[in-house]
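There are 2 protein chains.
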Amino acid sequence: MSLNSTNEIDIVKAISSKINDVDFENLSFGSTFTDHMLVCDFKEGHWQKPIIKPYEPFMIDPSAKVFHYGQAIFEGMKAYKGENNSVWLFRPEENLIRFNKSAVRMAMPEVPGSIFIDGLKTILDIERDWVKKGLGNTLYIRPFMIAVGSGVIAQPSTQYRFMIILSPAKSYYSGEVKVIIAEHYSRAANGGIGAAKAAGNYSAQFYPQKLAQEKGFQQIIWTDDATHTKLEEAGTMNVFFRINDTLYTAPTSERILDGVTRKSLIDLAKREGINVDVRSVLVDELIAAAKDGSLKEIFGAGTAAVVSPIVGFQYQGTYYELPKIENSIAMQLKDKLTKIQYKLAEDTFGWTVEV
Amino acid sequence: MSLNSTNEIDIVKAISSKINDVDFENLSFGSTFTDHMLVCDFKEGHWQKPIIKPYEPFMIDPSAKVFHYGQAIFEGMKAYKGENNSVWLFRPEENLIRFNKSAVRMAMPEVPGSIFIDGLKTILDIERDWVKKGLGNTLYIRPFMIAVGSGVIAQPSTQYRFMIILSPAKSYYSGEVKVIIAEHYSRAANGGIGAAKAAGNYSAQFYPQKLAQEKGFQQIIWTDDATHTKLEEAGTMNVFFRINDTLYTAPTSERILDGVTRKSLIDLAKREGINVDVRSVLVDELIAAAKDGSLKEIFGAGTAAVVSPIVGFQYQGTYYELPKIENSIAMQLKDKLTKIQYKLAEDTFGWTVEV
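These protein sequence lines map, in sequence, to chains A and B.
Numbered according to this note's numbering, the first sequence spans residues 580 to 934.
Numbered according to this note's numbering, the second sequence spans residues 580 to 934.
Careful: at least some of the hints might be erroneous.
Stated by the list, open to error - Below 20 Å or equal to it, Euclidean Cα-Cα: the simulated DMTMM-like pairs (lysine to aspartate or glutamate) are:
| no. | chain 1 | residue 1 | chain 2 | residue 2 |
| --- | --- | --- | --- | --- |
| 1 | A | Lys632 | A | Glu587 |
| 2 | A | Lys789 | B | Glu623 |
| 3 | A | Lys657 | A | Asp914 |
| 4 | A | Lys794 | A | Glu762 |
| 5 | B | Lys918 | B | Asp846 |
| 6 | A | Lys657 | A | Glu793 |
| 7 | B | Lys711 | B | Asp600 |
| 8 | B | Lys632 | A | Asp640 |
| 9 | A | Lys700 | A | Asp589 |
| 10 | B | Lys680 | B | Asp837 |
| 11 | A | Lys789 | B | Glu689 |
| 12 | A | Lys789 | B | Glu833 |
| 13 | A | Lys749 | A | Glu662 |
| 14 | B | Lys592 | B | Asp704 |
| 15 | B | Lys632 | B | Asp589 |
| 16 | B | Lys842 | B | Glu793 |
| 17 | A | Lys597 | B | Asp640 |
| 18 | B | Lys789 | A | Glu689 |
| 19 | B | Lys922 | B | Asp846 |
| 20 | B | Lys622 | B | Glu587 |
| 21 | B | Lys922 | B | Glu851 |
| 22 | A | Lys632 | B | Asp640 |
| 23 | A | Lys918 | A | Glu851 |
| 24 | B | Lys597 | A | Asp914 |
| 25 | A | Lys757 | A | Asp708 |
| 26 | B | Lys809 | B | Glu833 |
| 27 | A | Lys875 | A | Glu905 |
| 28 | A | Lys849 | A | Glu762 |
| 29 | B | Lys592 | A | Asp640 |
| 30 | A | Lys712 | A | Asp600 |
| 31 | B | Lys870 | B | Asp837 |
| 32 | B | Lys789 | A | Glu623 |
| 33 | A | Lys700 | A | Glu933 |
| 34 | B | Lys789 | A | Glu833 |
| 35 | A | Lys592 | B | Asp600 |
| 36 | B | Lys712 | B | Asp640 |
Stated by the list, open to error - Label-pair distances were calculated between CB atoms; the ranges are:
| no. | chain 1 | residue 1 | chain 2 | residue 2 | range |
| --- | --- | --- | --- | --- | --- |
| 37 | B | Lys628 | A | Ala867 | 52 to 62 Å |
| 38 | A | Glu689 | B | Gly754 | 47 to 57 Å |
| 39 | B | Glu604 | A | Asp620 | 55 to 65 Å |
| 40 | A | Glu689 | B | Glu604 | 30 to 40 Å |
In case anyone wonders, no lab produced these hints; they're calculated from the structure.
Yeah, the Cβ is synthetic: ideal placement off N, Cα and C, and Gly gets one too.
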């Protein structure tokens with residue numbers, strides 16, 4: 580039974596909506612899903628016709644390669660409600676490009692824009708009521724791809740499933756974030772998959788993060804695995820340091836994710852006349868700046884939290900507290916970025932795309 | 580409907596067996612599965628009662644954490660047929676120990692031996708007819724655990740599924756193996772998850788391996804990611820080098836898997852009076868040994884292939900062919916190890932365990 584299908588996408592509508600059962604004021608991030616999901620299978624060398632259908636569990640073989648060899652990638656995006664019930668995406672082409680870079684690195688097939696972008700717009704149009712008005716309200720978007728081919732031999736799958744699921748979210752507030760600088764554990768290898776949004780990169784962080792949390796820290800600032808001297812990422816976010824009035828962030832590399840929020844903040848900061856220096860910051864520099872008072876701010880940047888200010892960090896057993904800054908650059912940039920995303924400020928960059 | 584259940588394990592037998600449909604002379608590795616699987620769920624902080632039931636696909640939520648954050652680990656083991664229809668395992672406690680080390684590193688719950696080992700023995704007893712007699716015939720065993728809890732937030736799951744699936748196999752012959760020494764890509768980071776049998780470690784290798792295959796090489800010898808000067812693993816196997824009459828293999832580390840075949844070969848070699856030196860071999864040493872003729876053998880060691888001799892390697896564009904050795908140490912050790920596994924030689928180490 581296919582209703583309202585386009586030429587490119589089959590659509591099977593849910594018989595009833597769950598939307599009235601959802602308390603939109605009390606959402607736990609990433610745990611509530613909308614009525615529909617997009618599913619598109621890859622087999623015999625080709626992407627099949629996508630289908631949008633009711634969100635539900637699906638059947639999979641115990642020997643599916645995603646379970647054994649971890650062929651799985653994803654993106655994180657958001658939809659925003661504008662005036663007149665309009666729905667907006669933020670730089671979706673950047674997510675498509677990065678998704679396909681991840682696909683190549685994980686030996687998975689690339690997903691064409693006609694499936695990724697058009698599929699996204701079609702399902703968002705159907706789920707328009709799930710995107711709530713008001714700053715901080717978003718519909719979090721999770722496009723992902725998994726290897727569903729069966730067989731316990733360590734070779735790339737020949738069958739894949741691309742899906743888009745959607746989860747309504749309030750603004751992501753993580754409380755006061757104290758971080759610990761990684762002295763032993765690492766996130767990524769040179770020549771590894773750190774630049775890919777591959778599933779395995781995330782679970783690899785859970786144990787070190789648990790150890791950090793047991794010591795009273797919410798996150799880890801990752802350093803390069805070879806020397807632990809270069810500051811690279813904060814948890815699952817890119818990281819920025821403000822020393823005096825210059826913002827520093829590491830260049831993207833094989834070890835560092837090319838974050839859409841990161842690159843948007845760089846452009847915004849430059850437009851605002853803020854000095855931005857894209858280079859690796861050394862742990863030693865950070866300690867020196869903390870000691871002489873020139874270190875003003877540290878913040879993470881990512882889709883979920885947008886900007887996540889850090890109040891202090893620990894390194895080699897010493898805790899360094901950051902000054903409390905009125906009108907911080909972190910909060911200025913977050914404000915400017917979110918206003919663009921919600922169509923409350925002029926989008927001079929052309930970043931926003933209407934569904 | 581539960582039949583023949585023990586106190587500890589529920590058993591639901593398949594109505595009929597697929598065994599007569601299987602061509603045991605023409606098995607593709609890891610693609611045929613037996614009639615039953617073991618399933619054991621972890622929820623609310625506890626392992627539930629395991630069940631052995633017909634092998635079949637299962638339902639899972641699209642937001643299951645295994646798909647998004649890659650919390651997934653596994654082991655590879657084999658069962659062997661002895662005299663009088665007896666079935667034998669090889670050092671299963673080693674796999675249990677390593678599985679639980681992987682679990683800790685990936686922030687997953689450890690699986691008790693009463694589930695892992697007793698479950699394995701119970702399902703193998705049921706699938707006894709799938710273990711065929713004759714050197715080279717095995718039943719490949721794949722215990723694995725995946726995060727089945729739902730939610731697209733990068734945190735460890737609270738729900739997991741442990742499973743054992745079984746696949747009949749002929750001896751694994753990969754043809755002539757030429758390898759390329761990694762000069763750019765890497766398998767593992769310092770402080771990373773290379774020592775864990777985590778799913779994400781395997782898919783990370785697929786793309787570099789594809790590039791190697793396009794150049795005519797079947798495998799990659801991985802080097803350390805920081806300097807690419809130390810030889811670490813061969814594809815998904817540990818690697819041994821014979822220079823003159825000494826065997827060298829890298830010590831296990833955070834980057835190198837503690838292989839059961841590796842450690843068994845070391846013990847066997849020592850018993851046979853072969854010099855074994857467990858230390859990192861440098862690429863430069865290997866090149867020098869290849870040039871002066873002291874490099875006699877290179878071979879991979881792992882459960883699937885046991886021993887996989889390498890005929891030559893490429894480094895910085897130059898191909899080095901290994902001498903053809905009669906009565907190679909690789910083949911001597913493989914012969915001795917498999918005879919112990921099949922109960923055709925005395926097991927002075929106490930490695931074999933009857934089901």
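Range hint 30 to 40 Å (beta carbons of Glu689/A and Glu604/B) holds or violated: 39 Å, holds
Falls inside 47 to 57 Å, the C-beta gap from Glu689/A to Gly754/B? For Glu689/A and Gly754/B the Cβ distance comes to about 30 Å; the hint is violated.
For Lys628/B and Ala867/A, compare the CB-CB distance with the range 52 to 62 Å and indicate the outcome. 58 Å, holds
Can the restraint linking Lys657/A and Asp914/A be considered satisfied, given a maximum Cα separation of 20 Å? 16 Å, holds
For the pair we were handed, Lys789/A and Glu623/B, check the Cα-Cα distance against 20 Å. Judged against 20 Å, a Cα distance of about 19 Å means the pair holds.
Can you confirm whether the C-alpha distance between Lys622/B and Glu587/B stays at or below 20 Å? 17 Å, holds
Is the Cα-Cα distance between Lys712/B and Asp640/B 20 Å or less? 41 Å, violated
Is the hinted pair Lys592/A and Asp600/B satisfied, with a Cα-Cα distance of at most 20 Å? Violated, at roughly 41 Å.
Does the alpha-carbon distance linking Lys680/B and Asp837/B stay inside the 20 Å limit? Holds, at roughly 10 Å.
Straight-line alpha-carbon gap Lys809/B to Glu833/B, limit 20 Å: 14 Å, holds
Would you mind confirming whether the straight-line C-alpha gap from Lys918/A to Glu851/A stays at or under 20 Å? The given pair, whose Cα atoms are some 15 Å apart, holds under the 20 Å limit.
Would you check the hint for Lys789/B and Glu623/A, treating anything up to 20 Å between C-alpha atoms as holding? 19 Å, holds
Checked against the numbered hints above, the structure violates hints 6, 16, 24, 25, 28, 31, 35, 36, 38 and 39; every other hint is satisfied.
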